[in-house]
Amino acid sequence: MDNTTSIALASIICSGITIAFGTMGPALAEGRAVATAVTSLAQQPDASATITRTLFVGLAMIESTAIYCFVVSMILLFANPFWNHVIAAGK
Amino acid sequence: MRLSPDEWIFWRYGFVKINATIAFTWGLMAVLAVGSRLVTRKLSTDLERARWQNVLEIVVTAIQKQIEDVGLVHPEKYLGFLGTLFLFVATASLCTVIPGFEPPTGSLSTTVALALCVFVAVPLYGIEEQGLGRYLESYVEPTPMMLPFNIIGEASRTLALAVRLFGNMMSGAMIVGILLTITPFVFPIVMTALGLLTGMVQAYIFSILAAVYIAAATRTRDRKPKPVPLP
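Residue numbers (the working numbering), protein chains in the order written: chain H, 17 to 107; chain G, 914 to 1144.
Wrong hints could be hidden among the right ones.
Said to hold, decoys possible - Calculated pairs, SDA-like style, for lysine to any residue (alpha carbon to alpha carbon, straight line, at most 20 Å):
#  : chain 1 : residue 1 : chain 2 : residue 2
1  : G       : K990      : G       : V972
2  : G       : K978      : H       : I67
3  : G       : K990      : G       : K930
4  : G       : K930      : G       : M942
5  : H       : K107      : H       : N19
6  : G       : K978      : H       : N96
7  : G       : K978      : G       : E961
8  : G       : K930      : H       : V73
9  : G       : K930      : G       : Q1043
10 : G       : K978      : G       : E989
11 : G       : K930      : H       : F37
12 : G       : K955      : H       : F72
13 : H       : K107      : H       : M17
14 : G       : K990      : G       : K955
15 : H       : K107      : H       : S89
16 : G       : K978      : H       : L92
17 : G       : K990      : G       : Q1043
18 : G       : K978      : H       : M17
19 : G       : K978      : G       : A1128
20 : G       : K955      : G       : K978
21 : G       : K978      : H       : N19
22 : G       : K990      : G       : R925
23 : G       : K990      : G       : A1129
24 : G       : K930      : G       : V1033
25 : G       : K990      : H       : T68
26 : G       : K978      : H       : K107
27 : G       : K978      : H       : A65
28 : G       : K978      : H       : V73
29 : G       : K990      : G       : F1100
30 : G       : K990      : G       : V1125
31 : G       : K990      : G       : L1021
32 : G       : K955      : G       : K930
The hints are simulated quantities; they were obtained by calculation from the structure and are not laboratory data. For clarity, every value in this text was computed on a predicted model and none was experimentally measured.
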């Protein structure tokens, strides 16, 4: 298997695995965060503004790790330096 | 498949390029500045006021209340900076309903620039509020061994701000682009609506996180107890 094929194969497989694992963890974590927020809203409804705002900030922090994985996956597919290098060398 | 509006170039001369990011950023700046100027030409303080003045007042007082909730005692000092961050990112994602518009926050350059503004603003506000000595003391806050971790923490949360906003905006644009080639009828509209929602949430998150970082840098260490009203 030559360089081009092996780089393409590795990029595609790794991109799929990255996005697959990268969305499992944050999804579970966000589920737990929302569940706890809903419980505390039921216990103290008049603190709902603070709880909601804190929940959104926390969700954004958790979401960022999923975004990092997404960005790496996109880089592997569309802005892959190894792929560009081997394509330019082959021209 | 265009990864960011940086690659859509309108005009080039030598190494100077006007790409879509620059053009749309200036367009947004023009809309926000000229729009506000037109609305605030005749401000009235009675009960009779123009509709747009009401809209702007709602927006400004809502932002001020949010800044106060985060813990900053004089929200007027930070209203300009934090309000501009929120309004720029929110308008950028609202304008995605205009066909042909690509949000400039979908390019890493814009988001890194905004994050660098926050990175510079946090020490500036901290030093202005507390003085240079006390602000630098806050870096060795729990123990002096935390100094490298605090510095790395500052840099990494700036990077996280930039990448979070960039990733959300870029993924919204990319998903709509991919879906248009697969199911060209109703589904891309649903995804555009979802992109609007996440765009507004990300605008809110960006400005609230900036406010939280500024609040952490400016809070005074010795708290005076609040005066209790006499019965």
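Going through the hints against the structure:
1. This hinted pair checks out: G:K990 and G:V972 have alpha carbons roughly 17 Å apart, not beyond 20 Å.
2. Distance hint between G:K978 and H:I67 is fulfilled; the C-alpha atoms sit about 16 Å from each other, no more than 20 Å.
3. Of the pairs offered as hints, the one joining G:K990 and G:K930 is violated, with about 36 Å between alpha carbons and a cut-off of 20 Å exceeded.
4. With a C-alpha separation of about 19 Å, the suggested pair G:K930 and G:M942 falls inside the 20 Å cut-off, and the hint holds.
5. Taken as a hint, the H:K107 and H:N19 pair is honoured in the structure, with Cα atoms around 14 Å apart against an allowance of 20 Å.
6. Our distance criterion of 20 Å between C-alpha atoms is broken by G:K978 and H:N96, whose separation comes to about 45 Å.
7. Under the criterion of a C-alpha separation no larger than 20 Å, the hint pairing G:K978 with G:E961 is inconsistent with the structure, at around 24 Å.
8. Using a Cα cut-off of 20 Å, the hinted pair G:K930 and H:V73 is violated, with the two alpha carbons roughly 37 Å apart.
9. Under the criterion of a C-alpha separation no larger than 20 Å, the hint pairing G:K930 with G:Q1043 is inconsistent with the structure, at around 43 Å.
10. A C-alpha spacing of about 10 Å is found between G:K978 and G:E989, which places the hinted pair at or below 20 Å, so the restraint holds.
11. With a C-alpha separation of about 39 Å, the suggested pairing of G:K930 with H:F37 is violated against the 20 Å cut-off.
12. Taking the CA atoms of G:K955 and H:F72, the gap is near 37 Å; set against the 20 Å cutoff, the hint is violated.
13. For the proposed pair H:K107 and H:M17, the alpha carbon gap of about 19 Å is at most 20 Å, so the pair holds.
14. Only pairs whose Cα atoms come within 20 Å are accepted, and G:K990 paired with G:K955 is rejected, the gap being roughly 24 Å.
15. Straight-line distance between C-alpha atoms of H:K107 and H:S89 comes to about 26 Å, which puts the hinted pair past the 20 Å bound.
16. In summary, the hint linking G:K978 to H:L92 is not supported, as the alpha carbons are separated by about 43 Å, beyond the 20 Å threshold.
17. Under the criterion of a C-alpha separation no larger than 20 Å, the hint pairing G:K990 with G:Q1043 is consistent with the structure, at around 14 Å.
18. At roughly 62 Å between alpha-carbon atoms, G:K978 and H:M17 are farther apart than 20 Å, so this suggested pair is violated.
19. Only pairs whose Cα atoms come within 20 Å are accepted, and G:K978 paired with G:A1128 is accepted, the gap being roughly 14 Å.
20. In summary, the hint linking G:K955 to G:K978 is not supported, as the alpha carbons are separated by about 25 Å, beyond the 20 Å threshold.
21. Pair hint G:K978 plus H:N19 does not hold up; C-alpha atoms about 58 Å apart against a cutoff of 20 Å.
22. Of the pairs offered as hints, the one joining G:K990 and G:R925 is violated, with about 40 Å between alpha carbons and a cut-off of 20 Å exceeded.
23. Note on G:K990 and G:A1129: the hinted pairing holds, with a Cα-Cα distance of about 15 Å set against a maximum of 20 Å.
24. Simply put, G:K930 and G:V1033 have alpha-carbon atoms about 27 Å apart, too far for the 20 Å limit, and the pair is violated.
25. Restraint check for G:K990 and H:T68: the C-alpha separation of about 25 Å exceeds 20 Å, so the hint is violated.
26. Using a Cα cut-off of 20 Å, the hinted pair G:K978 and H:K107 is violated, with the two alpha carbons roughly 60 Å apart.
27. For the hint pairing G:K978 with H:A65, the CA-to-CA distance comes to about 12 Å; that is within 20 Å, so the pair holds.
28. At roughly 17 Å between alpha-carbon atoms, G:K978 and H:V73 fall within 20 Å of each other, so this suggested pair holds.
29. A C-alpha spacing of about 44 Å is found between G:K990 and G:F1100, which places the hinted pair above 20 Å, so the restraint is violated.
30. The straight-line distance between the Cα atoms of G:K990 and G:V1125 is roughly 15 Å, inside the 20 Å bound, and the hint therefore holds.
31. About 29 Å separates the Cα atoms of G:K990 and G:L1021, which puts this hinted pair outside 20 Å; it is violated.
32. Using a Cα cut-off of 20 Å, the hinted pair G:K955 and G:K930 is violated, with the two alpha carbons roughly 39 Å apart.
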